[in-house]
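**Student:** Sequence:
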Amino acid sequence: MTKFKYAFLILLSGTLALSGCAGEEKKEDEKKTIKIQKKDEPAAEPAEDVANLVITGNDLMQFNKKQLRAKAGQKVKLTLRHIGQLDVNVMGHNVVILKLGVNLDDFAARAATERDNGYIPPGTDEVIVHTEMIGGGQTTSIEFTAPSEPGEYDYICSFPAHYAMMRGKFIVE
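First residue of the sequence shown: 860, per my numbering; consecutive thereafter.
A couple of the hints might just be wrong.
Derived DEER-like restraints, expressed as beta-carbon distance ranges [said to hold, decoys possible]: (1) I1030 / D975: 26 to 36 angstroms; (2) N976 / M1024: 32 to 42 angstroms; (3) Q921 / L959: 16 to 26 angstroms; (4) T1004 / V949: 32 to 42 angstroms; (5) P981 / D908: 26 to 36 angstroms; (6) K924 / T1004: 27 to 37 angstroms; (7) P1009 / D946: 13 to 23 angstroms.
Derived lysine to aspartate or glutamate pairs resembling DMTMM-like cross-links, with alpha carbons at most 25 angstroms apart [what the hints assert, rightly or not]: (8) K958 / E1011; (9) K924 / E1032; (10) K925 / E1011; (11) K936 / D1013; (12) K930 / E973; (13) K934 / E1032; (14) K1028 / E1008; (15) K930 / E991; (16) K925 / E1002; (17) K925 / E991; (18) K930 / D965; (19) K924 / D946; (20) K930 / D1013; (21) K924 / E1011; (22) K934 / D908; (23) K924 / E1002; (24) K1028 / D984; (25) K930 / E1008; (26) K924 / D908; (27) K925 / D946.
Source of the hints: derived by calculation from the structure; they are not laboratory data.
Just so you know, these numbers come straight off a predicted model, no measurement behind them.
Just so you know, even glycine gets a beta-carbon here, dropped at the ideal spot from N, CA and C.
Between the sequences and the hints, there should be enough to build the whole structure, so can you do that?
**Tutor:** This is how it looks when you write it as structure tokens:
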């Protein structure tokens, strides 16, 4: 546990140092882009019963939500926005929704070795759905049908070591 805390502090220090190097003009442009995307998002599928879920990840290894909700069997549009500035190779994020009963530590350990596969173990049957891995300023969306079985499904970021802080529950009612 001490090694993890030490590694996290080093990563956090580097992140804070790099984030201070960005120009204000770039930050403003990214905010404008996000506002445009938010404006367009609700019009995507107004007639259908779609759960439009939006979650953000940042350069401090944090999701802004600990819970996402949908009805059993409901169509879901999940959007991930990386509101940080760091590159995908340094601070990449994704959202991986796991099936019930999956051991998070075991899954995350296997995922951490799969850089070339977006940090998703190839051939796994433990994942319901996942977004692509994105870096600072990027957005990705996926559409899927929520499981028909109600329950609390874990979701994580599978970038190495991120799942320790970047996790939550996808609640199917």
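**Student:** Please go over all the hints and tell whether each is borne out by the structure.
**Tutor:** These are the hints, each one checked on the structure:
1. The hint said 26 to 36 angstroms for the Cβ distance between I1030 and D975, and at roughly 32 angstroms that hint holds.
2. For N976 paired with M1024, a C-beta distance near 22 angstroms fails the hint of 32 to 42 angstroms.
3. Look at Q921 against L959: about 25 angstroms separates their beta carbons, and that is inside 16 to 26 angstroms.
4. Between T1004 and V949 the C-beta distance comes to about 34 angstroms, which sits within the given range of 32 to 42 angstroms.
5. At about 34 angstroms, the beta-carbon gap between P981 and D908 stays in the expected band of 26 to 36 angstroms.
6. At roughly 20 angstroms, the beta-carbon separation of K924 and T1004 lies outside the given 27 to 37 angstroms, and the hint is violated.
7. As the Cβ distance of P1009 to D946 is approximately 39 angstroms, the hint placing it in 13 to 23 angstroms is violated.
8. At roughly 9 angstroms between alpha-carbon atoms, K958 and E1011 fall within 25 angstroms of each other, so this suggested pair holds.
9. A distance of roughly 18 angstroms separates the Cα atoms of K924 and E1032; the hinted pair therefore holds under the 25 angstroms criterion.
10. At roughly 12 angstroms between alpha-carbon atoms, K925 and E1011 fall within 25 angstroms of each other, so this suggested pair holds.
11. Straight-line distance between C-alpha atoms of K936 and D1013 comes to about 17 angstroms, which keeps the hinted pair within the 25 angstroms bound.
12. As the CA atoms of K930 and E973 are separated by approximately 32 angstroms, the hinted pair breaks the 25 angstroms bound.
13. Restraint check: the Cα-Cα separation between K934 and E1032 comes to about 13 angstroms, which is no more than 25 angstroms; the hinted pair holds.
14. Taking the CA atoms of K1028 and E1008, the gap is about 14 angstroms. The hint holds against a cut of 25 angstroms.
15. Proposed proximity of K930 and E991 is supported: the alpha carbons are some 24 angstroms apart, at most 25 angstroms.
16. Of the pairs offered as hints, the one joining K925 and E1002 holds, with about 20 angstroms between alpha carbons and a cut-off of 25 angstroms not exceeded.
17. With a CA separation close to 20 angstroms, the supplied pair K925 and E991 stays within the 25 angstroms bound.
18. For the hint pairing K930 with D965, the CA-to-CA distance comes to about 28 angstroms; that exceeds 25 angstroms, so the pair is violated.
19. As the CA atoms of K924 and D946 are separated by approximately 22 angstroms, the hinted pair is consistent with the 25 angstroms bound.
20. Distance hint between K930 and D1013 is fulfilled; the C-alpha atoms sit about 16 angstroms from each other, no more than 25 angstroms.
21. At roughly 15 angstroms between alpha-carbon atoms, K924 and E1011 fall within 25 angstroms of each other, so this suggested pair holds.
22. For the hint linking K934 to D908, the alpha-carbon distance of about 7 angstroms falls within 25 angstroms, and the restraint holds.
23. The straight-line distance between the Cα atoms of K924 and E1002 is roughly 19 angstroms, inside the 25 angstroms bound, and the hint therefore holds.
24. With a C-alpha separation of about 19 angstroms, the suggested pairing of K1028 with D984 holds against the 25 angstroms cut-off.
25. Note on K930 and E1008: the hinted pairing holds, with a Cα-Cα distance of about 10 angstroms set against a maximum of 25 angstroms.
26. Pair hint K924 plus D908 holds up; C-alpha atoms about 22 angstroms apart against a cutoff of 25 angstroms.
27. With a CA separation close to 24 angstroms, the supplied pair K925 and D946 stays within the 25 angstroms bound.
In this structure, the earlier hints numbered 2, 6, 7, 12 and 18 are contradicted, and the remaining ones agree with it.
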